[in-house]
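With the sequences and hints as input, model every part of the structure.
So the protein lines, in turn, are chains H and A.
Just so we're aligned, residue 1 is where the first sequence starts under the numbering used here, counting upward by one.
Just so we're aligned, residue 1001 is where the second sequence starts under the numbering used here, counting upward by one.
These are computed hints drawn from the structure, not numbers from a lab.
Hints may be right or wrong, so weigh each one.
Claimed, not checked - Counterexamples of contact, computed for chain A against chain H with all Cβ distances above 12 angstroms:
no., residue
1, Leu1007
2, Gly1011
3, Leu1053
4, Gly1059
5, Ala1091
6, Leu1124
7, Pro1143
8, Val1177
9, Ala1248
10, Lys1251
Stated by the list, open to error - Not everything, but these chain H residues come out facing chain A in the computed CB check (under 8 angstroms):
no., residue
11, Trp25
12, Ser48
13, Gln50
14, Leu51
15, Glu166
16, Ile188
17, His190
Claimed, not checked - A few chain H residues that don't get close to chain A, going by computed Cβ distances all over 10 angstroms:
no., residue
18, Val4
19, Gly10
20, Gln38
21, Ile45
22, Leu106
23, Ala140
24, Val169
25, Asn172
26, Asn185
27, Val198
28, Leu220
29, Gly225
Even glycine gets a Cβ: it sits at the ideal position worked out from N, Cα and C.
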Amino acid sequence: MNSVRVFFIGGLTSYRALFGWLSPWVFVPSLLVAPIFQILLFVYIGRSAQLESDEFYVIGNAIQYAAVPCLFAMTHLVAGERFQQTLGYILITPAKRLPLFVGRALPVVTNGFFVSAFALLVGGAVVGIDVPTSAWAPIALAAAVSAFACTGLGLVTAGLGLVVRETSVLANIIFGLLLVFSGSNVPIEHLPRWMQVVSAGIPFTHGIAAVRGLADGDGLADAWGLIGTEALIGVVYGTIGYALIRGAEFLGRRHATLDRA
Amino acid sequence: MRRSLRLLGLGWLFHMKMLSQSWFNMLLELVWPVFFATVAFFMFRAGDDPKPLLYASLGAAAMGIWSTTSTAAGNSLARERWHGTLELLVAAPASFPLVLLPTTIAMASIGVYGMAATLLWGWLVFGIELTIASPLAFALAIPATVLSIGALGFLLAIAFVRFRQAWALGNMLEYPVWLISGFLVPLALFPGWVWPLSWALAPTWGVDAIREAALGGSAWTEICLALGLGGLYVAVGVLLVRRALEAARSKATLALS
Chain H
1 MNSVRVFFIG GLTSYRALFG WLSPWVFVPS LLVAPIFQIL LFVYIGRSAQ
51 LESDEFYVIG NAIQYAAVPC LFAMTHLVAG ERFQQTLGYI LITPAKRLPL
101 FVGRALPVVT NGFFVSAFAL LVGGAVVGID VPTSAWAPIA LAAAVSAFAC
151 TGLGLVTAGL GLVVRETSVL ANIIFGLLLV FSGSNVPIEH LPRWMQVVSA
201 GIPFTHGIAA VRGLADGDGL ADAWGLIGTE ALIGVVYGTI GYALIRGAEF
251 LGRRHATLDR A
Chain A
1001 MRRSLRLLGL GWLFHMKMLS QSWFNMLLEL VWPVFFATVA FFMFRAGDDP
1051 KPLLYASLGA AAMGIWSTTS TAAGNSLARE RWHGTLELLV AAPASFPLVL
1101 LPTTIAMASI GVYGMAATLL WGWLVFGIEL TIASPLAFAL AIPATVLSIG
1151 ALGFLLAIAF VRFRQAWALG NMLEYPVWLI SGFLVPLALF PGWVWPLSWA
1201 LAPTWGVDAI REAALGGSAW TEICLALGLG GLYVAVGVLL VRRALEAARS
1251 KATLALS
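So this is what it looks like as structure tokens:
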């Protein structure tokens, strides 16, 4: 019961306390306005390059922009404890580590999904794309799974954030890599072969492909394979991230370097 | 006049050194525009009209100048406030705008590293050869762009002085300015109501000047417009900062917002 409490209440409290993202002065410009302009930027580049339809870029960027809340939030929710000098207090508690850290991921996934959904709805309305109403529920599922997968990657950056100092820079670089490799703006078949291999193993690639298929009239049955792969990628990254965090905790205790990076 | 120029020059040098201290941060300044350039290069190469690759390369290269300025400049006064140095800078006998302006110009100057990295990346990986039709105009267009974007950053820093989370507002402006200043997209693609907004932005003329100088047009008008708008931003910024400081002094709210 205590683990469930740590999972839900601890996760939500740390999210609100550490981030302050409930402040509209950060939330609105960073997570609601910026994704719309990222969509518009690539829609117009796409029109100039005469490559794909507007819908292609709206979906790609709306789903990919979940990387901002998922990577930054997850990284700061763990590594930010060091900055606030609360990491030591958390790690001396008897609370089980799995609900402690994974609980912090739940609000992040929810927030990432919300940002994607908002960008998809508003960006789609601004640009004027046509998605059948029947596709919205499966698209929401694919978007949520994509946010989950990226939060798994966020756990990895959180683990790395316990050993490097510049966590924001790290999250920005991973955001950029996801922009290039995930197929959000360039059809995967136009990428070099080695990049296609990388694409297959990162968050968003399968989620974006699933959403594009659903928007074009595929049924949920057709998208299950892609959604399932996206979920599996999230589980793999989440497991690696959790192992990294535990490893960093172990090293921090052993070398008395918990508050140092 | 000489003392003011010395203050501007030393302030610029001092902030360049400070901004260059973190190698991790410098790495981000180098690779951030490269990510967007890479996506744009793939898009233009795969698209039906592959001719604008050099056009995109020059625009993407200049994107770094704005991205190093927008967030950092928006946040520059808030950062001084956090460090507890804002009161000292305001109380110093030196004119406050002369202290702040080199900060934002230094931020824009750091973007030149990203510009070089993007052009090099485009050449090495995508085979985009940079042929400069007018080297003199090109050599002048780059500092003109840096100065005008630094001046825009100065105006943002002052406009956001009352916002505690000014970095988020500065960060929000990164994409819109990239978009409507025509860094990667010709202005002709936008609706007519966007054009006056684009023309009022110095980066529009700066990036145009860089392109014209490289591709063989006349860049002198664009260079003058970029510098002229930059001067206008500084003048408006100086007026605003005086009013803001007077209000902060009379209400004792300099450290609080």
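Each hint, compared with the structure:
For leucine 1007 of chain A, the requirement that its beta carbon stay farther than 12 angstroms from each beta carbon of chain H is met, with the minimum near 31 angstroms. With a least beta-carbon separation of about 25 angstroms from chain H, glycine 1011 of chain A lies farther than 12 angstroms from that chain, consistent with its non-interface assignment. Chain H draws leucine 1053 of chain A into its interface by the beta-carbon criterion, the shortest separation being 10 angstroms against a cut-off of 12 angstroms. Separation of glycine 1059 of chain A from chain H is inadequate, the least Cβ-Cβ distance of about 10 angstroms not exceeding the 12 angstroms criterion.
Separation of alanine 1091 of chain A from chain H is adequate, the least Cβ-Cβ distance of about 28 angstroms exceeding the 12 angstroms criterion. A cut-off of 12 angstroms between C-beta atoms confirms that leucine 1124 of chain A is not in contact with chain H; the least separation is 14 angstroms. Chain H leaves proline 1143 of chain A outside its interface by the beta-carbon criterion, the shortest separation being 26 angstroms against a cut-off of 12 angstroms. With a cut of 12 angstroms on Cβ distances, valine 1177 of chain A falls inside the contact zone with chain H, its closest approach being about 9 angstroms.
The beta carbon of alanine 1248 of chain A is kept farther than 12 angstroms from every beta carbon of chain H, the shortest such distance being approximately 19 angstroms. Even its closest Cβ contact with chain H, about 21 angstroms, leaves lysine 1251 of chain A beyond 12 angstroms, as expected for a residue assigned away from the interface. For tryptophan 25 of chain H, the shortest C-beta to C-beta distance to chain A is roughly 4 angstroms, which falls under 8 angstroms, so the interface hint holds. For serine 48 of chain H, the suggested interface contact is upheld, since its CB lies about 5 angstroms from the closest CB of chain A, less than 8 angstroms.
The beta carbon of glutamine 50 of chain H is positioned within 8 angstroms of a beta carbon in chain A (closest approach about 4 angstroms), and the interface hint is therefore held. The restraint placing leucine 51 of chain H at the interface with chain A holds, with a minimum CB-CB distance near 4 angstroms, inside the 8 angstroms limit. Interface hint status for glutamate 166 of chain H: upheld, as the beta-carbon distance to the closest one in chain A is roughly 4 angstroms, under 8 angstroms. A hinted interface residue such as isoleucine 188 of chain H counts as satisfied when its beta carbon comes closer than 8 angstroms to some beta carbon of chain A; here the least separation is about 11 angstroms, so the hint is violated.
Proximity of histidine 190 of chain H to chain A holds as hinted, the smallest CB-CB distance being about 4 angstroms (cut-off 8 angstroms). For valine 4 of chain H, the shortest C-beta to C-beta distance to chain A comes to about 34 angstroms, beyond the 10 angstroms cut-off, and the non-interface label holds. The non-interface label for glycine 10 of chain H is consistent with chain A: the shortest C-beta to C-beta separation is roughly 26 angstroms, beyond 10 angstroms. The claim that glutamine 38 of chain H is not at the interface with chain A is violated, since a C-beta of that chain comes within 10 angstroms of its own (minimum 5 angstroms).
Not every Cβ of chain A is farther than 10 angstroms from the Cβ of isoleucine 45 of chain H; the closest lies at roughly 5 angstroms, contradicting the non-interface assignment. Look at leucine 106 of chain H: its CB is around 24 angstroms from the nearest CB on chain A, clear of 10 angstroms, so calling it non-interface holds up. Every CB of chain A is more than 10 angstroms from the CB of alanine 140 of chain H (nearest about 25 angstroms), matching its label as outside the interface. With a least CB separation of 5 angstroms from chain A, valine 169 of chain H falls inside the 10 angstroms interface cut-off, contrary to its annotation.
For asparagine 172 of chain H, the condition that its CB be more than 10 angstroms from all CB atoms of chain A is violated, with the nearest at approximately 6 angstroms. Not every Cβ of chain A is farther than 10 angstroms from the Cβ of asparagine 185 of chain H; the closest lies at roughly 5 angstroms, contradicting the non-interface assignment. The beta carbon of valine 198 of chain H is kept farther than 10 angstroms from every beta carbon of chain A, the shortest such distance being approximately 13 angstroms. Every C-beta of chain A lies more than 10 angstroms from that of leucine 220 of chain H, the closest at about 30 angstroms, which supports listing it as non-interface.
Distance check for glycine 225 of chain H against chain A: the nearest CB is about 25 angstroms away, which clears 10 angstroms, and the non-interface claim stands.
Consistency note: the structure conflicts with the earlier hints numbered 3, 4, 8, 16, 20, 21, 24, 25, 26.
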